[in-house]
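S.K.: Chain by chain, the residues:
Protein chains: 2
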Amino acid sequence: MARQITLKEVAARAGVSYQTVSKVLNKQVQVSKETEARIHAAVQELGYRPNLIARNMRQQRSRLIGYSWQPASPDQGNAILDSFLQSMAQAAEGAGYHVLCFPHHSGSEIIAGYRDLIETNRVDGFVISSVEFDDPRIDFLRRQKFPFVAFGRSNPEWNFPCVDVDGADGMRQVVEHLLSQGHLRIAALAWPEESRVGQNRMSGYLAALEKAGVTPLPEWIRRGQGTLDFGQTAAEELLELPAAQRPTALVAFNDIMAIGAMSAVEARGLQVGVDVAVTGFDDNPMAQYLRPSLTSVRQPVWEIGQQVISLLVGALEDPLRESICSLLSPQLIVRQSSGQPI
Amino acid sequence: MARQITLKEVAARAGVSYQTVSKVLNKQVQVSKETEARIHAAVQELGYRPNLIARNMRQQRSRLIGYSWQPASPDQGNAILDSFLQSMAQAAEGAGYHVLCFPHHSGSEIIAGYRDLIETNRVDGFVISSVEFDDPRIDFLRRQKFPFVAFGRSNPEWNFPCVDVDGADGMRQVVEHLLSQGHLRIAALAWPEESRVGQNRMSGYLAALEKAGVTPLPEWIRRGQGTLDFGQTAAEELLELPAAQRPTALVAFNDIMAIGAMSAVEARGLQVGVDVAVTGFDDNPMAQYLRPSLTSVRQPVWEIGQQVISLLVGALEDPLRESICSLLSPQLIVRQSSGQPI
Numbered sequence: 001m002a003r004q005i006t007l008k009e010v011a012a013r014a015g016v017s018y019q020t021v022s023k024v025l026n027k028q029v030q031v032s033k034e035t036e037a038r039i040h041a042a043v044q045e046l047g048y049r050p051n052l053i054a055r056n057m058r059q060q061r062s063r064l065i066g067y068s069w070q071p072a073s074p075d076q077g078n079a080i081l082d083s084f085l086q087s088m089a090q091a092a093e094g095a096g097y098h099v100l101c102f103p104h105h106s107g108s109e110i111i112a113g114y115r116d117l118i119e120t121n122r123v124d125g126f127v128i129s130s131v132e133f134d135d136p137r138i139d140f141l142r143r144q145k146f147p148f149v150a151f152g153r154s155n156p157e158w159n160f161p162c163v164d165v166d167g168a169d170g171m172r173q174v175v176e177h178l179l180s181q182g183h184l185r186i187a188a189l190a191w192p193e194e195s196r197v198g199q200n201r202m203s204g205y206l207a208a209l210e211k212a213g214v215t216p217l218p219e220w221i222r223r224g225q226g227t228l229d230f231g232q233t234a235a236e237e238l239l240e241l242p243a244a245q246r247p248t249a250l251v252a253f254n255d256i257m258a259i260g261a262m263s264a265v266e267a268r269g270l271q272v273g274v275d276v277a278v279t280g281f282d283d284n285p286m287a288q289y290l291r292p293s294l295t296s297v298r299q300p301v302w303e304i305g306q307q308v309i310s311l312l313v314g315a316l317e318d319p320l321r322e323s324i325c326s327l328l329s330p331q332l333i334v335r336q337s338s339g340q341p342i
Numbered sequence: 001m002a003r004q005i006t007l008k009e010v011a012a013r014a015g016v017s018y019q020t021v022s023k024v025l026n027k028q029v030q031v032s033k034e035t036e037a038r039i040h041a042a043v044q045e046l047g048y049r050p051n052l053i054a055r056n057m058r059q060q061r062s063r064l065i066g067y068s069w070q071p072a073s074p075d076q077g078n079a080i081l082d083s084f085l086q087s088m089a090q091a092a093e094g095a096g097y098h099v100l101c102f103p104h105h106s107g108s109e110i111i112a113g114y115r116d117l118i119e120t121n122r123v124d125g126f127v128i129s130s131v132e133f134d135d136p137r138i139d140f141l142r143r144q145k146f147p148f149v150a151f152g153r154s155n156p157e158w159n160f161p162c163v164d165v166d167g168a169d170g171m172r173q174v175v176e177h178l179l180s181q182g183h184l185r186i187a188a189l190a191w192p193e194e195s196r197v198g199q200n201r202m203s204g205y206l207a208a209l210e211k212a213g214v215t216p217l218p219e220w221i222r223r224g225q226g227t228l229d230f231g232q233t234a235a236e237e238l239l240e241l242p243a244a245q246r247p248t249a250l251v252a253f254n255d256i257m258a259i260g261a262m263s264a265v266e267a268r269g270l271q272v273g274v275d276v277a278v279t280g281f282d283d284n285p286m287a288q289y290l291r292p293s294l295t296s297v298r299q300p301v302w303e304i305g306q307q308v309i310s311l312l313v314g315a316l317e318d319p320l321r322e323s324i325c326s327l328l329s330p331q332l333i334v335r336q337s338s339g340q341p342i
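These protein sequences, in sequence, are chains A and B.
Using my numbering, the letters of the first sequence correspond one by one to residues 1 to 342.
Using my numbering, the letters of the second sequence correspond one by one to residues 1 to 342.
In short, the hints are calculated from the structure, not lab data.
Errors might be hidden in some of the hints.
Intra- or inter-copy, both count: the list cannot distinguish identical chains.
[To be verified] Cross-link-like lysine to any residue pairs, in silico, SDA-like; alpha carbons within 25 Å at most:
| hint | residue 1 | residue 2 |
| --- | --- | --- |
| 1 | Lys33 | Gln90 |
| 2 | Lys23 | Leu7 |
| 3 | Lys33 | Glu109 |
| 4 | Lys33 | Ser106 |
| 5 | Lys211 | Ala12 |
| 6 | Lys23 | Ser310 |
| 7 | Lys33 | Thr227 |
| 8 | Lys145 | Gly47 |
| 9 | Lys23 | Trp302 |
| 10 | Lys33 | Gly113 |
| 11 | Lys23 | Ile110 |
| 12 | Lys33 | Ile110 |
| 13 | Lys33 | His104 |
| 14 | Lys23 | Ile118 |
| 15 | Lys8 | Asp229 |
Given the structure is predicted, the values throughout are model-derived calculations rather than measurements.
Just chain A, with the same shape it has in the complex:
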């Protein structure tokens, strides 16, 4: 290894004090652009490497935030991953942290990656997403008393910091939009009952209908695994109901089920957006390019990434801070599939 360059040598080369160099490199002080440039030039020219690893050891901190996520199925893609990671990485950098990505392990192995990173002192905290009820990761991290923030809520009796999208509010916006277009028979292509996100969205669907004095028929609520095939089959069955019960609008809990439903509508010789309205959820980038383009609900992904990191950094810096859960509203994007002129 080359001889270690000292901070003093950098200071001498930059023509500033040792303290100034130290504070600028540790981002503890603002100096003029010109001084900062001079210091960075000196660091470059001399090849100075502050011993961050040694500093982290003294502080017993890695300044890394662990994040792992469930891979998307190849046919659906992960519409929000890019923006979510960019947002987290930017917010983390601003607070002196970085995001460490580790692979997803499924089933009973899901905890292994978290346990390894904790046991090896590799990260200071975690961000978790795709949170479910009785989530084993939350159960584990709570028992370990290890800092984390979740994108998504879980069991109400568990107290932990989280950021979540108000899916009920998103579904309320969808249903109120359809009601305003004159639809009264509005069916739901939903997720299985045990799905936490599904329950949240369902509650908004039911509440908006109830508020409008509409009682949904049990037949209008179809539950399945969120696939294209399920969306298509469920829509076919709904369109075969007797005329007086047949829905005029199909509200899908994700975009891929909506695409299946659109195929089913067209297969019956009906026109999506004219004869039958179809809406999705998540606003996949593909939604705008479908013909007709798909009405959907967009999550405030950038804001979620910022808040998740802000809550986690807060918890790391003040472990006694009370857990906050932040609830963000999504945004309805109306397109041709639900009444925007084609």
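Please build the complex by placing chain B on the supplied structure of chain A, with the hints as guidance.
M.R.: Same frame as chain A, now just chain B:
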């Protein structure tokens, strides 16, 4: 801080030797599932934390690989990010590394994130993607003599390890498929001349036509920024050529231009896949759901992630190892837009 638990205490609790615990935790030895479980249980119960930070300091290594990428435009999404990151994270974990994600800075700031991570000893190496000619990141990392591997080639005179997709081969597959369907007038919706990936794909287009004895008219090659609007406008212009010059197939250099071209074909009352073939590139998850579904070219993303990490770990462990560039072939996916029955 709590008292530091020692490896000896873990060994006593697990009923094995100190050496066994050390080797198992450092993954230097295979023991029975049962012994491994007992050691992990002891680690858990005692709350043992091996001082990885201290070990890394002794070795002067962070065991982190930095990765930053250009955010996708929200209307296109990043079809390969999920799989690419999962693959890299998995390969890195297998080699005792993790992936550190840091935010993308654009323009003249693009180097800042790399410089900071090097200056603070934060990472051992980088993976870079979306590589262009005269890429400032490659220029910088080469001058720093800092280990990196690129997903993508750059200037031929620069010697560095890389993994790339053979875009020329992908385009050759597209053109040969269209020729086999009887098309002879095959136009290209291409990128600007300075685009490295664009040049690569263009060379495959031209070579496949030449091999078939077809000389493309200059009018058939349209260059633009890879947007939906450009694809649409370029296709409109191509379809207005005199009948004898008018292309019967439009080969787009990405999926989004192909979607624009499909709109232009339909706007003229022609049927995509019947009157005019349209193909894309990248196989965005949306491609299969378009109507008609879009023929495209799929990159072997998982394999790229594995190879990128393997090359980088090799370079980290043997700095004198020769730089290898690995070229992988993409896969043509034929769908309705180019002749699969609708």
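S.K.: Tell me, please, which holds for Lys33 and Gln90 at an alpha-carbon limit of 25 Å: within, between, both or neither?
M.R.: within (21 Å within a copy, 41 Å between copies)
S.K.: When no copy is named, should Lys33 and Thr227 be tagged within, between, both, or neither for a Cα gap of at most 25 Å?
M.R.: Answer is neither: 54 Å inside a copy and 38 Å across each miss the 25 Å cutoff.
S.K.: Go through the copies and call it for Lys33 and Ser106: within, between, both or neither, with a Cα cutoff of 25 Å.
M.R.: between (48 Å within a copy, 19 Å between copies)
S.K.: Evaluate Lys33 and Ile110 at a C-alpha cut-off of 25 Å and name the case that applies: within, between, both or neither.
M.R.: between (47 Å within a copy, 18 Å between copies)
S.K.: Could you place Lys23 and Leu7 in one of the four classes (within, between, both, neither) given a Cα distance threshold of 25 Å?
M.R.: within (11 Å within a copy, 38 Å between copies)
S.K.: One pair to classify: Lys8 and Asp229, alpha carbons no more than 25 Å apart. Within, between, both, or neither?
M.R.: Close neither inside one copy (67 Å) nor across copies (56 Å); limit 25 Å.
S.K.: Is it within, between, both, or neither for Lys33 and Glu109, if the alpha carbons may be no more than 25 Å apart?
M.R.: between (49 Å within a copy, 14 Å between copies)
S.K.: With identical chains treated as interchangeable, where does the CA-CA distance between Lys33 and His104 reach 25 Å or less: within a copy, between copies, both, or neither?
M.R.: between (42 Å within a copy, 21 Å between copies)
S.K.: From the Cα coordinates, with 25 Å as the cut-off, is the pair Lys211 and Ala12 best called within, between, both, or neither?
M.R.: Neither. Shortest intra-copy (72 Å) and inter-copy (65 Å) distances fail the 25 Å Cα cut-off.
S.K.: Quick one: Lys145 to Gly47, C-alpha cut-off 25 Å, is that within a copy, between copies, both, or neither?
M.R.: Cα proximity of Lys145 and Gly47: across copies only (11 Å, versus 40 Å in one copy).
S.K.: With 25 Å as the alpha-carbon cut-off, assign the pair Lys23 and Ser310 to within, between, both or neither.
M.R.: within (23 Å within a copy, 38 Å between copies)
S.K.: First find the shortest C-alpha distance between Lys23 and Trp302 inside one copy, then the shortest across copies, and answer within, between, both or neither for a cut-off of 25 Å.
M.R.: neither (30 Å within a copy, 43 Å between copies)
Against the hints set out earlier in the document, violations occur for numbers 5, 7, 9, 15.
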